[in-house]
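Given the coordinates of chain A, assemble chain Y onto it according to the supplied hints.
Residues per chain, in single letters:
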Amino acid sequence: MQENGTILSVKDLVIKFRLRGRVLTAIRGASLELREGETLAIVGESGSGKSVFTKSFIGMLDQNGWVDSGSILFDGNDLAQYRKEEQWLGVRGKRISMVFQDPMTALNPLRPVGRQIQEVIELHQGLDGRQAQRAAVELLERVGITEPAMRSRQYPHEFSGGMRQRVVIAIAMACKPRILICDEPTTALDVTIQAQILGLIKALRSDFGFTTIYITHDLGVVADVADRVAVMYAGTIVERGTAEEVFYDPRHPYTWALLSSLPQLGVKGKPLYSISGTPPNLFNTITADAFAPRNPYALKVDFVRQPPEFRVTETHYASTWLLDPRAPAMEPPAAIRSMRDKYVARSAS
Amino acid sequence: MNDRGDRQKLLEVKDLRVNFKVKGGAFTAVRGVSFDIYKGETFGLVGESGSGKTTIGRAIVRINSVSGGEILFKGRRISGRITRELDREVVQNIQMIFQDPMASLNERAKVDYIVSEGLYNIGKAKDEGARRAAVQKALLDVGLLPEFASRFPHEFSGGQRQRIGIARSLIMEPELVVADEPISALDVSIRAQVLNLLAELQRSMGLTYLFIAHDLSVVRFITDRIAVINKGELVELAETEELFARPLHPYTRALLSAIPVPDPIVQRQKRVVPYDPAVHDYSVQAPSWREVAPGHSVLASDEELARYRDALERGDTLAIV
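These protein sequence lines map, in sequence, to chains A and Y.
18 is the number that the numbering used here gives to position 13 of the first sequence; each next residue is one higher, with no gaps.
62 is the number that the numbering used here gives to position 65 of the second sequence; each next residue is one higher, with no gaps.
In isolation and in its complexed conformation, chain A is listed as follows:
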């Protein structure tokens, strides 16, 4: 059963891939709840599993990958049980849409963009010919493309990167999805264009009323868009909470490291906090805390047992033994303390 207001609920999800005869566990038991209307940002570095995790919501795992266990509840169905392509057709692109980093991979280079939007409308909304064509032009206008009727007859290569991403967003909007997954939608764009695209997605969200998942490594983008944040490391969600909780009162040492290594929070002339070592090899079975070998705050128990998820507040959870009542008190790095102090001072005034 799904609670009121929860639109998607993922529980203990495990995703594996077969690669060169060996099995890699990309997602190692991740749980997440998405609330109707919110914007959730999933943050992580390359290889953390953030893309694989969300691709499993629309049945887009690569051929060699599969959901091994766990559940993905959406609209009364468990998507984790879906095995056939036909099952996914009612979900992917219809009730859950996705916008990718590179708009060129989502567009057909050989068809005018208007045709591509029209196809989706015809397929999902049952409109045909003229009506669908008109709806496509309207959508192009809605995503901020000037002279939409003329532009609808042009091919993807005639658009700039930012405009192409607008076209992809128009296609995603064509079936009025309930969830929009944005996988690094602005990473390839200039900052001024990025600001426009993020603004556009926000505006569409209030018009169309969808729920948004952002996947990104850019904590500036996260601060801009997110109501809630989930931090991923080595295939698990190590911390989740509201944007305020994760930015101003983070509890997991990996979140500390991620935030403190930002040049924006650094002090000029002093070395930045940096994470040593590399993420674990996901071909191996991980029994202890995956971040322990790189964690200067690691306790002995971190090398022995995987920490459970500890509750900080009603909305804030982190998987670190530091939150166990028996753990010694640990002060976070300077950059984190100064963010926290600034926040406290701001809310006091």
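Simulated from the structure, these hints should not be mistaken for lab results.
All of these numbers come straight from a predicted model, not from anything done at the bench.
Incorrect hints may appear among the rest.
What the hints assert, rightly or not - Where chain A lies over chain Y, by a calculated footprint (3+ residues, C-beta under 8 Å):
1. 188 to 199
2. 257 to 267
As the list claims (entries may be wrong) - Listed below are the simulated DSBU-like cross-link pairs for lysine-lysine, each with C-alpha atoms no more than 30 Å apart in a straight line:
3. Y:Lys134 <-> A:Lys275
4. A:Lys275 <-> Y:Lys267
5. A:Lys275 <-> Y:Lys36
Ideal placement from N, C-alpha and C gives every residue a C-beta, glycine not left out.
Relative to the frame of chain A, chain Y by itself:
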């Protein structure tokens, strides 16, 4: 880093113009760009894609040829036709680090060759022993193990590959390093490592950097001065903190407002100001490059310059982030 009066100008870019041949004519990528880089400083050149920032970097290391103006290194012209000896000197003294560590290393060569390729080209190493020793030192300098020399690039992570790229330029013992977006292809935690490494090498080797980037907020952390470039022209140049405290040109202001700050409350309150070139009325007078306050220059007309000076004098709040 303040007293600039007695500091040596290492590089002077004067009225630089770079044209590219395109179908049926020429495209001007860089127009009327002038700036100096002082010895020991980190100079940031910031702009969006297509602004011409990389073209300037490439013109300095003589990859792109110059169509107008000149570039001086230690007072000597290094642009256009120069002697073979001077060319060799430029190659050795000005090195470049590239953005994409996955694309900029020769996949078929071992690290040993990649790192010492420059030495072969200018015949700097006296013998095989000296060359080996230089490779070892360069690898150690960037925090890699000497035994990595016998491996191939694909065996390394992105951060390690960027270190190899840095080792390859350091082995030449350059004075000026042109770093073209050296961290934008890297993960957040790896970025910090590479930035720390660059700062450390600057201290220990007395390097001067030209740091080319699109992200003003990252550049703020490492640069002494910043020049902002838009569509091939510099629009503003100032000391880093001055630029953030008193950005004057509308394009600089737009760029600053567009960068998302990793602080939710600040970010949500910030308003994005788009840049509209129509705000400039250049019908009466074309803009030129003028100093609005000591060390702070802007591309402006007389009327704009007067307005900027007024704003500075009144002490208007100009900061955006």
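Against the structure, the hints come out as follows:
1. 188 to 199: Three-residue rule met by the stretch 188 to 199 of chain Y, so holds; n is 7.
2. 257 to 267: As far as the stretch 257 to 267 of chain Y goes, the hint holds, because 9 residues have Cβ atoms under 8 Å from chain A.
3. Y:Lys134 <-> A:Lys275: Measuring from Cα to Cα gives roughly 25 Å; hence the hint holds.
4. A:Lys275 <-> Y:Lys267: 28 Å, holds
5. A:Lys275 <-> Y:Lys36: 21 Å, holds
Every hint, counting from the list given before, is met by this structure.
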